[in-house]
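Chains as they are written, first to last, in our numbering: chain R, 1 to 343; chain V, 1 to 281.
Hints are supplied without guarantee of correctness; some may be wrong.
[Unchecked claim] Listed next, the stretches of chain R that the computed footprint assigns to chain V, with coverage defined by at least 3 CB atoms under 8 angstroms from CB atoms of chain V:
{"hint": "1", "stretch": "103-113"}
{"hint": "2", "stretch": "131-138"}
{"hint": "3", "stretch": "323-335"}
[To be verified] Selected chain R positions facing chain V (Cβ under 10 angstroms, derived; list incomplete):
{"hint": "4", "residue": "Asp65"}
{"hint": "5", "residue": "Arg212"}
{"hint": "6", "residue": "Glu215"}
{"hint": "7", "residue": "Leu300"}
{"hint": "8", "residue": "Arg339"}
{"hint": "9", "residue": "Arg343"}
These are calculated hints, taken from the structure and not from any lab test.
Note that this is a predicted model, so its numbers are computed, not measured.
All residues carry an ideal CB built from backbone N, CA and C; glycine is no exception.
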Amino acid sequence: MRATMAAAAMLIAFHLAAAGAARAEDLYVAGYGGSYETILRQQVFPPFEAAHNTHIAYVSGNSTDTLAKLQAQKGHPDIDVAIVDDGPMYQAKQLGFCAKLQPGPSYGEIYDIAHMGDDAAATGIVVTGIGYDARAFEKAGWSPPQSWTDLADPKYKGKLAMPGIDNTYGVQALVMYARIAGGGADNIDPGFAYMTNKIAPNMRAFESSPGRMSELFQSGEIAAAIWGSGRVNALADTGFPIKFVYPKEGAMALFTAACPVTGARHGELAQQFLDYLLSAPVQTALAQAGNGPVNRTVKLAPELAARVPYGPEQIDKLVALDWSKINPQRDAWTKRWNREVER
Amino acid sequence: MRAAPYWLSVPAFLLYGVLMAVPLAMTCLLSLDRFSATEGIVPAYSLANYAAVLADPYYQQIYLRTLWIALVTTVASLLIGTPEAWIISRLQPRWRGICLLAVLGPLLISVVVRTLGWTILLAREGLLNQALLGVGLVSRPVELLYTQTGIVIALVHVLVPFMVIAVWTALQRLDPAGEMAALSLGASKAAVFFRIVLPQIVPGVLSGSLIVFSLAASAFATPALIGGRRLKVAATAIYDEYLFTLDWPTGAALAILLLAGVLAIVALWGRFLERRDRMRG
């Protein structure tokens, strides 16, 4: 009886110690789900895990989800590296979630526009534009949408979708429509008026989850959506006849950004992982997920280069948003959006 | 000797205290704080959040919608669950087991998986619309996704088992002699159900309604997936505040108001039940 109790106690102690040891070595990375997560898990993580003898635990969520987690864990974070959109990244920096970067070798190879202060860096570029179901458009006899104002056409009633304002795509669309209607980030009223009166009636749903958005396309609920180039490419890769349009008035640039988290348990490893994200092989792999490389030295094959924003000339043509103007107002815009647009 | 019951209840007390009372108290305190986009959550002991929420027509509409959905779901579950429990209790034991399993089936599957299944069924080109169009009941697809009706359908699907269980327990305590006496005196089956059985199982029906109402009022995954972002209920509005605006004090105030509302209705219901039982002697 005594022997079995002692053996059981030792077994439990051993498991606790082993579990503790395993947990201490896990690097926690928070970033997007869907196609981005798949590429990370299949191509990006294994070489890093092998080289540094560690295991990466991935926590997936939209930028706002990850920001909320950082807020909840402030001071004693579980997350070591956070990957979010550029807008939320400026919020994270302001709220003190990002630790100082220790630039590694790859950091010197990225474009100047990818520098985001001394505590974060852009790790990829996607474009916000219009994705449309080519087969559904052909069946309905419609020509593909060419501009943002095309989406106000009453023939699309109930056949469009877009992410909500909790998503960077939604904020960018709002600012773009404000510009088209004569305002901008510092005069957002025309944008709200345009969205509420012309765009919202055509919307079947405001869907922020990329999985649900794909489902809406695949089940035929919607024919077009305001969406990102990366997501559209991922859906196209499954064989669905979705095509991406760079609208006439301009497509918005959306940077994915990463930063090491303040007070992270694996600060050293986090810095190394961030530098690894900026290195040429990883940037090439992420290009397959639809993220244009920020590393100057990356050379993409022509078919891949055609699918992502690549090269300074193409990137210069994209519309960049001033997040320092948008972030202080995002709260108020969200409240207004909930009450006016998303009804 | 008299202290023993108190000592014995300490483990349960600790469990509920730590897991329920403490987080609830923390949420209460959080609802009294203020939120600013630049500083985050600022401690300030004021009821400003409650005043803001109660005065805002946007939130008033959300709470009314939550109440309406919960009421309709409760009535529908009542109308479906009570006869269902009665019929199952009259089946032979072999069929009774299978039918009970079929009724309780929804509870065995994750709520998210189940609701995603409903989004496929309720879609414009989903099975339900295809069936309706094929039979000829409608000429154009019925809009069920992203509507209150769709939410109610999916909620009723998952909450009817709770009603069936509650009515089932009440049915088990019935004396079958009463029904047989009525039958032998010439009553029809329907008369037996409405005039003998129903009055006796009313407590079970009412307590089942309580459970269904509370669950429907606080439902999250189903309204979020089927209602979408346009049809917010209290639970999804709270989720919005916590995750998207990071305005946790307002989210906490919304949560406490939802809790208070449901508790008030449940307490009134309970009072009604008690008075009813007392009147019957």
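Checked hints:
1. 103-113: This one is violated; 0 residues, fewer than the three required, reach chain V with a Cβ under 8 angstroms.
2. 131-138: violated (count 0)
3. 323-335: holds (count 6)
4. Asp65: holds, 6 angstroms
5. Arg212: holds, 8 angstroms
6. Glu215: holds, 7 angstroms
7. Leu300: This hint is violated: Leu300 (chain R) lies away from chain V, its Cβ roughly 35 angstroms from the closest one there, beyond 10 angstroms.
8. Arg339: It holds, given that the least Cβ distance between Arg339 (chain R) and chain V is near 5 angstroms, below 10 angstroms.
9. Arg343: holds, 6 angstroms
Comparing the model with each numbered hint stated earlier shows that hints 1, 2 and 7 do not hold.
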